[in-house]
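Student: Each residue of the sequence shown is one higher than the one before, starting from 1 at the first, in UniProt numbering.
Worth flagging that the hints you see were computed from the coordinates, not collected in a lab. Do not take every clue at face value.
[Said to hold, decoys possible] For lysine-lysine, the following DSS-like pairs were computed, each having C-alpha atoms within a straight-line distance of at most 30 Å:
(1) K431 <-> K219
(2) K305 <-> K329
(3) K305 <-> K431
(4) K451 <-> K305
(5) K230 <-> K451
(6) K431 <-> K230
(7) K230 <-> K219
[Unchecked claim] Simulated restraints, written as ranges between beta carbons of each label pair:
(8) T40 <-> P356: 39 to 47 Å
(9) A407 <-> G117: 41 to 49 Å
(10) H9 <-> R396: 53 to 61 Å
(11) I119 <-> E376: 50 to 58 Å
(12) E19 <-> A246: 27 to 35 Å
(13) I119 <-> E174: 43 to 51 Å
Just so you know, even glycine gets a beta-carbon here, dropped at the ideal spot from N, CA and C.
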Amino acid sequence: MSEALDPSHLRVLNPATEELVATVPAATRDDVGRAVARATTAQRGWAAAAPADRARILRRFAAVVDGHLEELARLEVREAGHTLGNARWEAGNVRDLLDFAAGGVERLSGRQIPVAGGIDVTFLEPLGVIGVIAPWNFPMPIAAWGLAPALAAGNAVILKPAETTPLTALRLAELALEAGIPEHLFQVLPGHGAVTGDALVEHPGIAKIVFTGSTRTGKQIMSKCADRVKRVTLELGGKSPNIVFADADLETAAAAAPMAYLDNTGQDCCARTRILVQRSVYDRFLDLVTPALTSVVVGDPLDEKTQMGPLISAAQLERVRAYVTDDLKAVRGTAPEGPGFWYPPTLVTDVDPTAPVAAEEVFGPVAVLLPFEDEEDAVRLANATEYGLSGSLWTRDVGRALRVSRAVQAGNLSVNSHSSVRYWTPFGGYKQSGLGRELGPDALTAFTETKNVFISTEA
1 MSEALDPSHL RVLNPATEEL VATVPAATRD DVGRAVARAT TAQRGWAAAA PADRARILRR
61 FAAVVDGHLE ELARLEVREA GHTLGNARWE AGNVRDLLDF AAGGVERLSG RQIPVAGGID
121 VTFLEPLGVI GVIAPWNFPM PIAAWGLAPA LAAGNAVILK PAETTPLTAL RLAELALEAG
181 IPEHLFQVLP GHGAVTGDAL VEHPGIAKIV FTGSTRTGKQ IMSKCADRVK RVTLELGGKS
241 PNIVFADADL ETAAAAAPMA YLDNTGQDCC ARTRILVQRS VYDRFLDLVT PALTSVVVGD
301 PLDEKTQMGP LISAAQLERV RAYVTDDLKA VRGTAPEGPG FWYPPTLVTD VDPTAPVAAE
361 EVFGPVAVLL PFEDEEDAVR LANATEYGLS GSLWTRDVGR ALRVSRAVQA GNLSVNSHSS
421 VRYWTPFGGY KQSGLGRELG PDALTAFTET KNVFISTEA
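All chains should be modelled from the sequences, with the hints used to inform the complete structure.
Tutor: Okay, here's the thing in structure tokens:
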């Protein structure tokens with residue numbers, strides 16, 4: 001958990017031990033103003049640089065990150081409580097995103113459009129200074145989702161990390177300078193959302209906000225951006241379905257189901273927390289998933305055998321506990337006792353689909369198991385939520401897989417797997433899960449403005 005010693009500081013605690021990791025100064029509104037001024041100047045020079053030079057520097061940034069993967073991963077474990085395996089993947093994802101974005105710098109081109117009496121061309125121009133507000137659940141990779149393509153498209157970036165997880169962001173800024181990223185082009189401003197975050201959103205020198213976090217906060221940011229006609233990309237909450245049909249490979253589906261929502265201790269907007277199972281195989285699936293759930297290893301994030309670590313904070317632990325009330329029937333795994341923000345893997349059964357634990361985003365290691373009758377009923381249940389970020393379905397019927405994939409209102413679906421995020425494919429949500437798309441082949445264009453120029457050829 002991160003708390004303010006006073007309004008000017010953040011305390012970063014290790015979620016597994018509750019020990020103090022660091023005290024970090026919090027940026028003020030004046031700090032934001034000065035950072036925007038510096039970034040504006042740096043961005044002009046960066047945008048004017050040859051595309052090949054920008055690409056070369058970004059590749060060098062990726063190489064420097066690659067040389068510090070273990071350091072970054074272990075820092076992530078200390079501040080976020082992630083398992084070491086997950087943290088290593090996250091650091092590697094930053095490297096891969098930088099490499100991927102660097103490859104797009106020299107391919108970011110406009111179009112020539114046929115017109116009468118002249119030539120019409122379009123240019124993709126950088127927006128300017130981008131504000132990236134990153135979450136605490138995936139501090140490094142989600143920061144890079146905005147950082148890498150924004151820099152590649154010729155912008156400057158000011159990153160505000162979450163109050164609980166500023167350390168990896170600060171280290172990435174140091175590595176950027178080491179790699180040759182121009183000074184002030186990429187700045188990190190730790191701070192409180194109500195101060196630093198609001199200042200970024202409200203500053204007229206920020207051309208776009210990229211935010212990942214709760215739907216409630218996302219709506220507030222969207223409203224403030226609307227007042228200034230400021231561009232915004234939002235990646236918000238989720239309550240994703242995991243649909244298991246009777247014809248599926250039940251053993252494989254059941255074995256995969258626990259980690260589809262327990263990864264990162266359930267603190268994942270894509271977590272498959274609503275497991276929908278066709279009624280004819282519901283009991284069999286429950287028999288199969290129970291040992292898979294209870295065998296998940298919860299413990300020291302630095303232990304290579306650990307599959308699930310602690311929640312991020314005491315506040316998050318209390319939030320999760322409040323959803324699993326004493327009257328609910330549930331299958332539970334085990335979790336350590338003593339210091340740390342621990343909660344056991346939990347699967348709630350025999351619950352009404354409209355109950356809070358089944359309908360709201362818990363953001364912890366808790367899922368519900370719900371029966372459905374047929375394909376139509378499965379789609380109805382899957383869509384009975386305000387969210388639409390991700391989901392999975394398990395079936396051997398290719399036609400059904402395509403029908404259900406098209407019918408489920410979610411931005412990212414996976415058949416016979418639980419994949420959601422690849423940096424080379426687009427990611428984003430339907431409904432209240434967000435606005436816009438990140439990653440994928442069009443990632444850079446999201447940080448550009450299209451300019452149209454007509455040149456008359458008539459005498």
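Student: Quick check on a hinted range of 27 to 35 Å for E19 and A246, using CB atoms only.
Tutor: About 49 Å separates the Cβ atoms of E19 and A246, which means 27 to 35 Å is violated.
Student: For the pair H9 and R396, does the Cβ-Cβ distance stay inside 53 to 61 Å?
Tutor: 56 Å, holds
Student: Could you grab the alpha-carbon distance between K305 and K329 and see if it respects the 30 Å cut-off?
Tutor: Between K305 and K329 the Cα gap is close to 29 Å, so the pair holds against 30 Å.
Student: Take a look at whether the Cβ-Cβ distance between A407 and G117 falls inside 41 to 49 Å.
Tutor: 48 Å, holds
Student: Given the hinted pair K230 and K219, is their alpha-carbon gap at most 30 Å?
Tutor: Within the cut-off at roughly 14 Å; holds.
Student: Take a look at whether the Cβ-Cβ distance between T40 and P356 falls inside 39 to 47 Å.
Tutor: 46 Å, holds
Student: Would you check the hint for K305 and K431, treating anything up to 30 Å between C-alpha atoms as holding?
Tutor: 38 Å, violated
Student: Verify the proposed pairing of K230 with K451, using a straight-line Cα cut of 30 Å.
Tutor: 17 Å, holds
Student: Would the pair K451 and K305 pass a check requiring their Cα atoms to be no farther apart than 30 Å?
Tutor: 53 Å, violated
Student: Is it true that the C-beta distance of I119 to E376 lies inside 50 to 58 Å, as the hint says?
Tutor: Given range 50 to 58 Å: holds, Cβ gap about 54 Å.
Student: Given the hint of 43 to 51 Å, is the C-beta distance from I119 to E174 inside that range or not?
Tutor: 46 Å, holds
Student: Would you check the hint for K431 and K230, treating anything up to 30 Å between C-alpha atoms as holding?
Tutor: Given pair K431, K230 holds - Cα atoms ~20 Å apart, limit 30 Å.
Consistency note: the structure conflicts with the earlier hints numbered 3, 4 and 12.
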